[in-house]
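Listed below are the residues making up each chain.
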Amino acid sequence: RKEVEQDPGPFNVPEGATVAFNCTYSNSASQSFFWYRQDCRKEPKLLMSVYSSGNEDGRFTAQLNRASQYISLLIRDSKLSDSATYLCVVNKNNQGGKLIFGQGTELSVKP
Amino acid sequence: DTAVSQTPKYLVTQMGNDKSIKCEQNLGHDTMYWYKQDSKKFLKIMFSYNNKELIINETVPNRFSPKSPDKAHLNLHINSLELGDSAVYFCASSQGTGVGYTFGSGTRLTVV
Numbered sequence: 000r001k002e003v004e005q006d007p008g009p010f011n012v013p014e015g016a017t018v019a020f021n022c023t024y025s026n027s028a029s030q031s032f033f034w035y036r037q038d039c040r041k042e043p044k045l046l047m048s049v050y051s052s053g054n055e056d057g058r059f060t061a062q063l064n065r066a067s068q069y070i071s072l073l074i075r076d077s078k079l080s081d082s083a084t085y086l087c088v089v090n091k092n093n094q095g096g097k098l099i100f101g102q103g104t105e106l107s108v109k110p
Numbered sequence: 210d211t212a213v214s215q216t217p218k219y220l221v222t223q224m225g226n227d228k229s230i231k232c233e234q235n236l237g238h239d240t241m242y243w244y245k246q247d248s249k250k251f252l253k254i255m256f257s258y259n260n261k262e263l264i265i266n267e268t269v270p271n272r273f274s275p276k277s278p279d280k281a282h283l284n285l286h287i288n289s290l291e292l293g294d295s296a297v298y299f300c301a302s303s304q305g306t307g308v309g310y311t312f313g314s315g316t317r318l319t320v321v
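Chains as they are written, first to last, in this note's numbering: chain A, 0 to 110; chain B, 210 to 321.
In short, the hints are calculated from the structure, not lab data.
Take the hints with a grain of salt, since some may be wrong.
DSBU-like mimics (lysine-lysine), calculated; alpha carbons at most 35 Å apart, straight line [what the hints assert, rightly or not]:
no.	chain 1	residue 1	chain 2	residue 2
1	B	K280	A	K109
2	A	K97	A	K1
3	A	K97	B	K228
4	A	K78	B	K276
5	A	K1	A	K44
6	B	K245	A	K78
7	B	K231	A	K109
8	B	K261	A	K78
9	A	K78	B	K228
10	A	K78	B	K250
11	B	K280	B	K231
12	A	K41	B	K261
13	B	K231	B	K245
14	A	K109	A	K78
15	A	K109	B	K276
16	B	K280	A	K91
17	B	K228	A	K109
18	A	K41	B	K249
19	A	K109	B	K261
20	A	K91	A	K44
21	A	K78	B	K280
22	A	K41	B	K280
23	A	K109	B	K249
Every beta carbon over 10 Å from chain A, so not counted as near; a handful from chain B, in silico [claimed, not checked]:
no.	residue
24	L252
25	S257
26	S303
27	T311
28	S314
29	T319
Under 8 Å between C-beta atoms, here's a sample of chain B residues computed to sit facing chain A [as the list claims (entries may be wrong)]:
no.	residue
30	Y219
31	L236
32	K250
33	M255
34	F256
35	P270
36	F273
37	G293
38	S295
39	Y310
40	G315
Beta carbons are placed, not taken as given, at the ideal position from N, Cα and C, and that holds for glycine.
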């Protein structure tokens with residue numbers, strides 16, 4: 000089983016749609032959680048950290064359920080510029096800051 | 210000012226050659242990493258250095274040798290390149306653990 004698993008993509012949605020990505024992680028010792036965004040042929044960029052209480056940044060909402068080892072990202076009012084691959088990432092702090100990446104979910108927002 | 214810079218951006222080379230990729234960060238971070246992203250887009254850690262000391266060494270062929278002359282630099286030297294080494298190599302840095310990374314723009318290595 001992969002350490003971090005994400006919804007298979009691609010997700011094709013119209014502008015203005017709400018889209019949700021799900022992710023599960025296998026190691027209960029994981030302590031930090033993130034969503035990264037990667038545009039085609041570019042480097043991954045930190046989108047947001049994910050906290051137990053849930054957190055929001057504009058149109059983006061991230062949730063963490065430690066009991067279920069589940070992380071989610073909700074994007075409201077999708078824009079064309081949201082088209083990218085979204086990577087679910089966990090960190091086991093006792094391993095020198097090593098980030099474990101999911102395989103990514105591709106989002107394509109159409110006009 | 211680029212925070213994490215890698216050179217070269219593209220590298221095309223023949224099997225059996227030796228090549229190096231350089232990475233520098235100007236963020237004052239204490240930890241630097243090398244990740245490999247293969248054709249299936251999976252990002253996997255190769256090495257991590259904290260203040261010039263190796264702290265993570267994943268199962269990577271010993272043809273790959275990282276070198277950190279100071280905490281702002283982490284270079285990657287690859288001997289006897291093979292076709293399977295073709296990938297995008299990303300350098301990254303962070304301040305401490307439990308935090309997100311800043312990535313360089315990647316080096317696209319093609320071995321022919």
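Hints, verified against the model:
{"no.": "1", "hint": "B:K280 <-> A:K109", "in the structure": "violated (44 Å)"}
{"no.": "2", "hint": "A:K97 <-> A:K1", "in the structure": "holds (15 Å)"}
{"no.": "3", "hint": "A:K97 <-> B:K228", "in the structure": "holds (25 Å)"}
{"no.": "4", "hint": "A:K78 <-> B:K276", "in the structure": "violated (42 Å)"}
{"no.": "5", "hint": "A:K1 <-> A:K44", "in the structure": "holds (22 Å)"}
{"no.": "6", "hint": "B:K245 <-> A:K78", "in the structure": "holds (30 Å)"}
{"no.": "7", "hint": "B:K231 <-> A:K109", "in the structure": "violated (38 Å)"}
{"no.": "8", "hint": "B:K261 <-> A:K78", "in the structure": "violated (42 Å)"}
{"no.": "9", "hint": "A:K78 <-> B:K228", "in the structure": "violated (41 Å)"}
{"no.": "10", "hint": "A:K78 <-> B:K250", "in the structure": "holds (24 Å)"}
{"no.": "11", "hint": "B:K280 <-> B:K231", "in the structure": "holds (13 Å)"}
{"no.": "12", "hint": "A:K41 <-> B:K261", "in the structure": "holds (27 Å)"}
{"no.": "13", "hint": "B:K231 <-> B:K245", "in the structure": "holds (14 Å)"}
{"no.": "14", "hint": "A:K109 <-> A:K78", "in the structure": "holds (8 Å)"}
{"no.": "15", "hint": "A:K109 <-> B:K276", "in the structure": "violated (45 Å)"}
{"no.": "16", "hint": "B:K280 <-> A:K91", "in the structure": "holds (22 Å)"}
{"no.": "17", "hint": "B:K228 <-> A:K109", "in the structure": "violated (41 Å)"}
{"no.": "18", "hint": "A:K41 <-> B:K249", "in the structure": "holds (15 Å)"}
{"no.": "19", "hint": "A:K109 <-> B:K261", "in the structure": "violated (46 Å)"}
{"no.": "20", "hint": "A:K91 <-> A:K44", "in the structure": "holds (19 Å)"}
{"no.": "21", "hint": "A:K78 <-> B:K280", "in the structure": "violated (39 Å)"}
{"no.": "22", "hint": "A:K41 <-> B:K280", "in the structure": "holds (25 Å)"}
{"no.": "23", "hint": "A:K109 <-> B:K249", "in the structure": "holds (24 Å)"}
{"no.": "24", "hint": "L252", "in the structure": "violated (4 Å)"}
{"no.": "25", "hint": "S257", "in the structure": "violated (5 Å)"}
{"no.": "26", "hint": "S303", "in the structure": "violated (6 Å)"}
{"no.": "27", "hint": "T311", "in the structure": "violated (8 Å)"}
{"no.": "28", "hint": "S314", "in the structure": "violated (5 Å)"}
{"no.": "29", "hint": "T319", "in the structure": "holds (14 Å)"}
{"no.": "30", "hint": "Y219", "in the structure": "violated (11 Å)"}
{"no.": "31", "hint": "L236", "in the structure": "violated (13 Å)"}
{"no.": "32", "hint": "K250", "in the structure": "holds (6 Å)"}
{"no.": "33", "hint": "M255", "in the structure": "violated (11 Å)"}
{"no.": "34", "hint": "F256", "in the structure": "violated (10 Å)"}
{"no.": "35", "hint": "P270", "in the structure": "violated (19 Å)"}
{"no.": "36", "hint": "F273", "in the structure": "violated (17 Å)"}
{"no.": "37", "hint": "G293", "in the structure": "violated (19 Å)"}
{"no.": "38", "hint": "S295", "in the structure": "violated (15 Å)"}
{"no.": "39", "hint": "Y310", "in the structure": "holds (6 Å)"}
{"no.": "40", "hint": "G315", "in the structure": "holds (5 Å)"}
Checked against the numbered hints given earlier, this structure breaks hints 1, 4, 7, 8, 9, 15, 17, 19, 21, 24, 25, 26, 27, 28, 30, 31, 33, 34, 35, 36, 37 and 38; the rest are met.
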